[in-house]
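Two chains, each in its own frame: build the complex with the hints.
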Amino acid sequence: MTDIATEESLVPTDPAGGDDREASLWGDAWDVLRRNPLFWISAVLMVLFVVMAAVPQLFAPNDPSAPGACDLNNARLGPSAQAWFGYDLQGCDVYALTIWGARSSILVGLFTTLVTVIIGVSLGVIAGYAGKWVDTLLSRVADVFFAIPLLLGGIIFMYTFPTPTNSGLSETALYFLIVFKVTLAMAILGWPGLFRLMRSSVMQVKPQEYIQASRALGGSPLRIIRRHIIPNAFAPVLVVATIDLGGYIATEATLSFLGIGLQDPAISWGIAISSASQLGYIVAAPHMLLFPSVFLSLTVLAFIMMGESLRDALDPKLR
Amino acid sequence: MGKYIVRRLLQMIPVLLGTTFIIYMMVFVLPGSPLDGKCGERPCPDAFVKKFEEEFNLDKPVLLRYLLYLGNLFRGNLGTNFYGNSVLDELRQRFPTTLELALIAVFFIIVVGIGLGVIAGIRKGRFADHLITVTTLILISMPVFVIGGLAQMVFGLKLGWFPVTATDGTFNQLLLPGMVLASLYIAYVARLTRTSLIENLRADYVRTAKAKGLTRGRQVGLHALRNSMIPVVTYIGLSFGGLMGGAIVTERIFNINGIGFFLYRSITQRDGVSVVGTIALIVIVYLFVNLLVDLLYGVLDPRISLD
Numbered sequence: 001m002t003d004i005a006t007e008e009s010l011v012p013t014d015p016a017g018g019d020d021r022e023a024s025l026w027g028d029a030w031d032v033l034r035r036n037p038l039f040w041i042s043a044v045l046m047v048l049f050v051v052m053a054a055v056p057q058l059f060a061p062n063d064p065s066a067p068g069a070c071d072l073n074n075a076r077l078g079p080s081a082q083a084w085f086g087y088d089l090q091g092c093d094v095y096a097l098t099i100w101g102a103r104s105s106i107l108v109g110l111f112t113t114l115v116t117v118i119i120g121v122s123l124g125v126i127a128g129y130a131g132k133w134v135d136t137l138l139s140r141v142a143d144v145f146f147a148i149p150l151l152l153g154g155i156i157f158m159y160t161f162p163t164p165t166n167s168g169l170s171e172t173a174l175y176f177l178i179v180f181k182v183t184l185a186m187a188i189l190g191w192p193g194l195f196r197l198m199r200s201s202v203m204q205v206k207p208q209e210y211i212q213a214s215r216a217l218g219g220s221p222l223r224i225i226r227r228h229i230i231p232n233a234f235a236p237v238l239v240v241a242t243i244d245l246g247g248y249i250a251t252e253a254t255l256s257f258l259g260i261g262l263q264d265p266a267i268s269w270g271i272a273i274s275s276a277s278q279l280g281y282i283v284a285a286p287h288m289l290l291f292p293s294v295f296l297s298l299t300v301l302a303f304i305m306m307g308e309s310l311r312d313a314l315d316p317k318l319r
Numbered sequence: 001m002g003k004y005i006v007r008r009l010l011q012m013i014p015v016l017l018g019t020t021f022i023i024y025m026m027v028f029v030l031p032g033s034p035l036d037g038k039c040g041e042r043p044c045p046d047a048f049v050k051k052f053e054e055e056f057n058l059d060k061p062v063l064l065r066y067l068l069y070l071g072n073l074f075r076g077n078l079g080t081n082f083y084g085n086s087v088l089d090e091l092r093q094r095f096p097t098t099l100e101l102a103l104i105a106v107f108f109i110i111v112v113g114i115g116l117g118v119i120a121g122i123r124k125g126r127f128a129d130h131l132i133t134v135t136t137l138i139l140i141s142m143p144v145f146v147i148g149g150l151a152q153m154v155f156g157l158k159l160g161w162f163p164v165t166a167t168d169g170t171f172n173q174l175l176l177p178g179m180v181l182a183s184l185y186i187a188y189v190a191r192l193t194r195t196s197l198i199e200n201l202r203a204d205y206v207r208t209a210k211a212k213g214l215t216r217g218r219q220v221g222l223h224a225l226r227n228s229m230i231p232v233v234t235y236i237g238l239s240f241g242g243l244m245g246g247a248i249v250t251e252r253i254f255n256i257n258g259i260g261f262f263l264y265r266s267i268t269q270r271d272g273v274s275v276v277g278t279i280a281l282i283v284i285v286y287l288f289v290n291l292l293v294d295l296l297y298g299v300l301d302p303r304i305s306l307d
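As you go down the protein sequences, you meet chains A and B in turn.
Numbered according to our numbering, the first sequence spans residues 1 to 319.
Numbered according to our numbering, the second sequence spans residues 1 to 307.
It should be emphasised that the hints constitute simulated quantities derived from the structure, not laboratory data.
A couple of the hints might just be wrong.
What the simulated footprint calls covered on chain B by chain A, stretch by stretch (three residues with Cβ under 8 Å from a Cβ of chain A suffice, anywhere in the stretch; the number is not a length) [what the hints assert, rightly or not]:
#1 149-155
#2 225-238
#3 276-284
Ideal Cβ placement from N, Cα and C applies to all residues, glycine included.
Next comes chain B alone, as it looks inside the complex (with noise of 0.2 Å):
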């Protein structure tokens, strides 16, 4: 376990550099000014164009530039954007309400998704199976705005079962925006339990708990389910980088003043400081998360460790 770790956290390094390396050439060593176009609708002004080349060191070599860049990352250091704020502190600012959308999001998919995926996994072949197969495919191919704004129109508007926008961020107002941040993922982790379970209801161990006379419900919940949520369990840390996607999405359709909808507003008013840090750091914590996932990994299925 202890090389497992190590290996991991080694294998991590360069995939930490490369992509960091990648995000800082696009935005800093192409062709073009990084400031381009990048202050809102006028050029940037004088003061906060010097202040920008003296913040990203614009005068030194390419090489020194990224270090210095990336020393500045890990410090904690995402700019300042043409306002004046630290980017940092915005992010800071918004990120209680997406940490609680997202959380409101993934009980979501697990209760729903595993839910619908156990009946049906446990109903191979029946109507219940067809149905959950059909619907989720259906969600699969809904883009996240076609959701949120059809759930906005319906749930909101017409029937009045939640609040329309969420400027506040309560947990009521949370609800439905968390729903439709969900929905892509119920559907696949539905799929993915589905297909998990009936692997290991075929599994030998299995037919041995029948034969020994177990309950069918002892033979699924207590040896087939926990082995089939080996990889889900995987699958919902990872999708923690189509969250913070969906997050933008999401948060901009009800007004969710979040990590997310600030990254839609840098976008919309040409904040460039802005939308390059904050994609930085979810890139960054993206990563951080699929390591502990893959730790995690581990230690539930210790085959994977000893290879």
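With the rest of the complex left out, here is chain A (with noise of 0.2 Å):
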């Protein structure tokens, strides 16, 4: 039944109303949306982690950072009806620690992707409609960063900019200027993927009829970029943006668990996982592990199912 659907918003509408397909294209893709289970499941989760980053006092009223919240008594103590999923090493409430845990996930996970948005969008049209030696600097620029694998490369930026210990920055100031620099590592590494995107489809688009037209009208190229060029490669984008956001959290997640990305006394979960992981805690206390793990992977595997869902509905031609 998808198929017919997707099927209809193949079939070219008249061209005169160039309005009224693109309506009918974000119609079509919310009906196919709408019946895709994968797309509510991964709203859901995704509504829930936004939330859970935003006041994870609705979930664990106590802060576990606080003075005073963990318990050394607790220690490695397994899931009991007073802490659901048991403590960790510190005594802290794993439950609170996880929920705690997510914020630092979505803000590095919502900047990074945010930050290449912006940077490959940009240097994508401008490369895609100039073309020329622009387009041949840029996209030999973009060549160089695509080479550097993500991880290694974070694992080298994050290296040479040690944070500043005790500088007499504030815990809050200290905890946001691991986060931009975690960000600041991924976004640099990660845009070349939507510059090329955003390049390709400037390049499709910019020989078309209706582009000439507009200029032919006197359009400025800064009035065709915005009123033709950017909401013809909006779909595209935004499903390459919501998939890598998953892969950026994963990112963060393992540059942390390897000691790198943020630190003690930070909540994360990357960080949470690197000190269950321990080989005798494993066996002593497996909960330690379990829960954050279980959390991490279901954020992950929001954001890019709903990338997925996304794809499917709006470019039939990719599934």
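This is how it looks when you write it as structure tokens:
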């Protein structure tokens, strides 16, 4: 049944009614999305995790990093009625840690995606629209950044800019400084994908008649880009950015796991999993490993699944 | 074909210069001493600072320094860390273990990944297809260190099917880490194979094969699958960079004394020369692997080298 709906979206409608066609693409996409259970699952998960990141008090009233929140007497105790997910090494409630850990992941994921979209889309439009040497230059620069694997480049970046310790910064300032660093590290290496996507979609659209017409009617390049080129490339950028967001969350957690992303006292799933995955603790306290792992994977899953549902709905050719 | 090879080689040069330049700039030129907090817990000993400055020509102008660094890099000189060991020697010692781990991973990627992809592709829209699509989606969502930790807990400790750690790096011990390392790429390769196969099964030449009366097995195996493998082979080649990243995590979890573990240990011991040298080497090798894959792509699909 979904096939029928998407088949229709491929049929070109009246070429004069540009706006009509756009509306029907999104209308059709919504029809497909509405019937896709994976879309609803990922939407619910996404909302849940974003709310968790914004107001963790809603789920776990006590901030686990507050003084006196952890009791060493409880160290490594398993799940119980008081603490559903058990306690960690310091005797902190794993449930509270897991809930409060969502913030770092979501913040880093959203910021990184935002920065890569801004850099990738604007440079992509410039390269595709200007062509000639501008395009060559930007494309070669993008090649260079594309060639460095995200995790390895992230390690070098995080490593060569050590965070100042005992610099008199408040804990919150330090936290945002590290979040900013992780974001920057991944954004610098992450933009070329969107750049290439945007560039090729501009180059595809540019020679079309309606762009020529707009130009003949005296439309400025800025207007053409805003009214015709950006709306045209919006769908694929949205899809790729959503899937990438999941990847950035996973990479941030990996960097924290390796000890060069977020660091104690910041609360993050990567740090929690890292301290839980010492061999002795896996045996003695598997709950310490299990719960943050599940939450992290579900968050990544939510974004990737959302991206794929959007892709299936917006671009039936890719299916 | 000859023209294509030359063109690819020429395109490689700016990328190679660019990547090494970025790494170099990050480490040696940006504000802050390249040795700040890079000698473990204590400040670097004076003798090492002096040797380091000499080795990396810190007294010369930036561009000249970079060129000298590049020359050293291509002669295989990755520097000496503050323990007085040559980084290249450290890596050379551990290379066989990581290679073995990577080969085991690639074996699983090829056999399991392509196998699952073919099953999903020829049974498109049926139960097996949905099962494989959902399973691979879940695999993709689990970072390597999560899969590694869980696999170690379940298969190593609870069920006891595999050795828990791989300190000696024997084949038996590397089996589980290899699977963990492969898991993400198994999922990607399965999905890519599926998409590619479905696309090719719709192609005219497969219809022709069917019209000639070939069996389903020959249609798929002989005609469709061969063409579907082109993007898959490329992808497996390109996954090298990711595999090396995954190796850092896998080797840390399973205590494997390979290049990844060396890198992890260097990070925690704040051994700057080793971290930078190792990553620079991996990135360069990665670029050459990409080049090889691109050339192979040209051989597999002659259409590529014509444009």
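Report task. Against the earlier hints, flag every one the structure doesn't satisfy and list their numbers going up. Result -> Hint 2 is the one this structure does not satisfy, whereas the remaining hints hold.
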